[in-house]
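Q: Residue strings, one per chain:
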Amino acid sequence: MREAPALATKGPPSAAADASSRKRPTPLRRRLPARSSTRNPLLSWIGVVLFAVLGVLAPAVFYGATDYGYNLMLSVVIWAGLAVSWNVFSGLTRYLSLGHAAFFGAGAYAVGRLHPVLGPWPSLIAACLVAGLVGLLLGVVSLRLRGLFFTMATIGIAEMLRLGVLLSPDLTGGGSGITLGGLPSYRTIYYVGLGGLIVLLAAVLVCMSSIVGSRLIAIQDDEEALGATGVAVNRYKIVSFTLSVMAAGFFGGIYALQIGFVQPDAVFPLMISLTVVIMCMLGGIGTFWGPIAGAVVLSLLREELWARYPTIWDLSLGFVLIVIVLAMPSGALGAARRIVPALRKALL
Amino acid sequence: MHIALQLLLNALVLGSVYSLFAVSLNLVWGISSVVNVAHGSFLVLGAYALWQTESMGIPVLLAVPAVLTLSFILFMGAYRLLLRALGEDNIEFGSLLVTWGASLIIIAALRGTVGTDLRKTNLLEGSVTIFSARTSLAGVLTLGLAMACAAALASILKFTNAGREMRAVGSHPELAAAVGIDVPATRALAFALGMTVALSAGMLFGTGYVFFPNIGDSFIIKAVAIVLVAGLGKLWRSWGVGMLLALAETVTQFYWSVTGSQLVAYAMLVLVLLVRKDEIVRLVQRLRLGGAQRVAVGGQQL
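Protein chains in written order, with the numbering used here: chain P, 1 to 348; chain F, 349 to 650.
Next comes chain P alone, as it looks inside the complex (with noise of 0.2 Å):
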């Protein structure tokens, strides 16, 4: 382990560095903070088939197996997707992106223009591709940013991106969007959604319970200290963000194959990175369930309300937010963490 370069500026090198002052090293158990939800994974990796066998059983048993019911699971499962994909990076290093929506819009565009060439399974997987590169491009350039100017910057590329969309009709359809045809049953694409939600999960559960995920939430605490153990920073950040753009991108194909039109307006707002972010937000940024459960609460509401009464969900979205920053800032997840044992001690 390479030491502290002298010059830091960061005061004396501390006890802790000196390989010979511990008889061995902490597990990582007890070095993950208590924020990581991924102390026990065994727990969360049952979870994760549990979430599965759900998964699958639940259009038949809650919906008896109607279109309607794969189409609402359906979104059910793309607003996890990206709750899910967004919380990997952002939740853990906190470089809070609003430009989720961007990738969402690439992969349904690719999608979008390559079904009708590739077919639906091979465009997905350019969905991710195509998805991946423009992250990639974008993450190079703005993750040089810190805190609110990275947040601005990905707002203004996001927008940027839609604009660049409805200025060049003849790639991508312009304003009057891209219609696709032949698609497959609403079933299939369920299913695969669903497969490509649980391969997510089991990737997003095996980078936080691993070394990754420590290093992600210590690029949050200090950048350039993990830097100076030795840590490729950079590299960490621009991978992580570039894995998790694929994923919002996966999820923008299924959304184009399960909604057959593809339009600027509908995956591209900024609405639809905020509403991943307080989706997060309400479940528990950072954690491994937060966003999962935030997604799945908020996205059923969304679809009771939204068609219905558009107005009324806009303002429980706003006071959602409100409540949240205001009273609790962990979601739903860290105030049951502060709960739980407090319930435990009374009760016992």
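Mixed in with the good hints there might be a few duds.
Under 10 Å between C-beta atoms, here's a sample of chain F residues computed to sit facing chain P [claimed, not checked]:
hint, residue
1, 434
2, 456
3, 459
4, 572
5, 573
6, 605
7, 621
These are calculated hints, taken from the structure and not from any lab test. Glycine residues also receive a C-beta, built at the ideal position from the N, C-alpha and C atoms.
For this one, chain P is given, so just place chain F on it according to the hints.
A: Then chain F, alone, in the frame of chain P:
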């Protein structure tokens, strides 16, 4: 030549609204540290307030000062509430999210009550021709009043004690506190002032242009771009940048398309975020220095 003059006049009228709006955002952001994403929705609120008073038949000269005074008092209270709810350290990011929620609520409430139809006030009809460039009477009024508003703001900041305190808090809050300035009170004042100016910018906008609830969205992003380009707390620089943006937009709109003109603001925002001033300064330093001097400067993180 005629085209150039016409474009210039259009840009001046549009720019006066942009600049006034950006200066108010800079006041709120630079001095009170509130990243007010809801600023655009307050612009729209101002326009709707004007339209509402007009349709209720209340004379404008009575309604406008009343609304502005009332909102000034309300905003001072709102800032205290915000500060207490979020805490001093968290206020930048926390206010970003809280004000975003507030803007969602305001716009949804507007949509629910007034509806999404395009609206226009009928206070001033007719057009005017200046040196062969045409504009509406309302446009001239907007330009004139915006300039007057800016002049009033400038004199408040320059000549009054409160203005001086605001400038002090804007440039260095800790030193200002050390000199005995009541920083929270000054910030509350700056917040209220900035929000009231935003409302009046909205009213000015409402006299000349058609508006609907969601029109604030494009305004806020442009205002954020202007404030970031000019620099937090640099109020008059943001006035200039706002005028420049309006000029760039008008020219782009004429020669390219309306959509393309919207791109200008975002391109400016992204460009300025990426090409930071300090990097340019360091680059120039590095190019100018040679040999031993370069090593010495290289010791501090270049």
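Q: Quick one: which hint numbers does this structure break? Sort them smallest to largest.
A: none
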